[in-house]
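**Q** Sequence:
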Amino acid sequence: MVGYIPFTRVYQNEQVFTSGNPGQPGEAVNSLGDIDLTVEIQILKRPKWVLATSLTLGIPSGNNSGGSDGSYQTGDGEFNQILKVLAGTSFKIAKHSFYAKASVGFNNRSNGFSDEIRLGIETGSQLFKNKFLLLARLNTIQSFFNGSLSAENSNGSIFANNVEVTNLGGEINYFITKKWSASFGYSVPLSGKNIYKAPAISGGIASKL
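In the working numbering, the protein residues as written are 18 to 226.
Accuracy of the hints is not assured; some may be wrong.
[Said to hold, decoys possible] So the derived label-pair ranges between C-beta atoms look like this:
#: 1; residue 1: 104; residue 2: 44; range: 36 to 46 Å
#: 2; residue 1: 61; residue 2: 218; range: 35 to 45 Å
#: 3; residue 1: 214; residue 2: 45; range: 16 to 26 Å
#: 4; residue 1: 70; residue 2: 43; range: 44 to 54 Å
#: 5; residue 1: 132; residue 2: 207; range: 18 to 28 Å
#: 6; residue 1: 45; residue 2: 70; range: 35 to 45 Å
#: 7; residue 1: 85; residue 2: 64; range: 12 to 22 Å
#: 8; residue 1: 201; residue 2: 134; range: 23 to 33 Å
Everything labelled a hint here was simulated from the structure, so no lab data went into it. Ideal placement from N, C-alpha and C gives every residue a C-beta, glycine not left out.
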């Protein structure tokens with residue numbers, strides 16, 4: 018089982034206008050985000066490839082209406098389930114080992130949100146005596162547009178309905194010990210709808226229980 022427990026800070030700096038118009042004070046919301054709990058089961062294993070399936074439960078533990086205008090969200094307020102099928106393989110380039118995997122998933126959403134199809138490919142390799150793991154990813158989320166919520170006035174929120182995005186990104190993991198690791202990720206949207214087109218930076222700490 019894999020647990021993702023995010024702590025999120027959403028903020029806007031104070032806005033000051035040189036034209037003499039009144040400014041707008043800054044505001045920030047610090048909150049626990051939506052928790053994801055994932056169980057992955059191996060279906061089939063061969064010498065060079067593996068087939069697996071996973072189920073992710075999205076717990077609405079975040080704040081879906083933070084701030085003075087309700088737009089400082091750290092969660093979407095809905096319970097969702099993502100069912101995925103994953104296939105992975107290993108290969109070598111110049112005697113260096115790599116892995117690659119692909120996934121297709123269906124995100125069943127509630128509370129008026131549209132269901133989604135999720136596709137992804139990933140490759141990576143361990144370096145420097147397996148102390149570092151470098152990853153590259155290409156993911157896309159496409160909406161079925163079958164929900165009742167409107168995407169209007171969402172201000173580009175990642176928690177808006179009918180969000181569609183294709184992201185290209187990378188991640189570096191440093192294994193501090195056999196049980197603890199730290200990660201840093203960076204991704205860029207190649208295309209999207211109802212979402213800001215801006216890079217995203219992430220960081221985290223993981224523990225193997």
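**Q** Please go over all the hints and tell whether each is borne out by the structure.
**A** Hint check results:
For the pair residue 104 and residue 44, the supplied restraint of 36 to 46 Å holds, since their beta-carbon distance comes to about 45 Å. Checked against the hint of 35 to 45 Å, the C-beta distance between residue 61 and residue 218 comes to roughly 36 Å, which is consistent with it. Under the hint 16 to 26 Å, the C-beta atoms of residue 214 and residue 45, about 23 Å apart, fit the expected range. For the pair residue 70 and residue 43, the beta carbons lie near 45 Å from each other, so the given range of 44 to 54 Å is met.
Judged by the Cβ atoms, the range 18 to 28 Å given for residue 132 and residue 207 holds: they are separated by roughly 23 Å. Taking 35 to 45 Å as the suggested C-beta distance range, the pair residue 45 and residue 70 conforms, at roughly 40 Å. Checked against the hint of 12 to 22 Å, the pair residue 85 and residue 64 fails, with Cβ atoms roughly 59 Å apart. Our hint of 23 to 33 Å for residue 201 and residue 134 holds, since their Cβ atoms are close to 29 Å apart.
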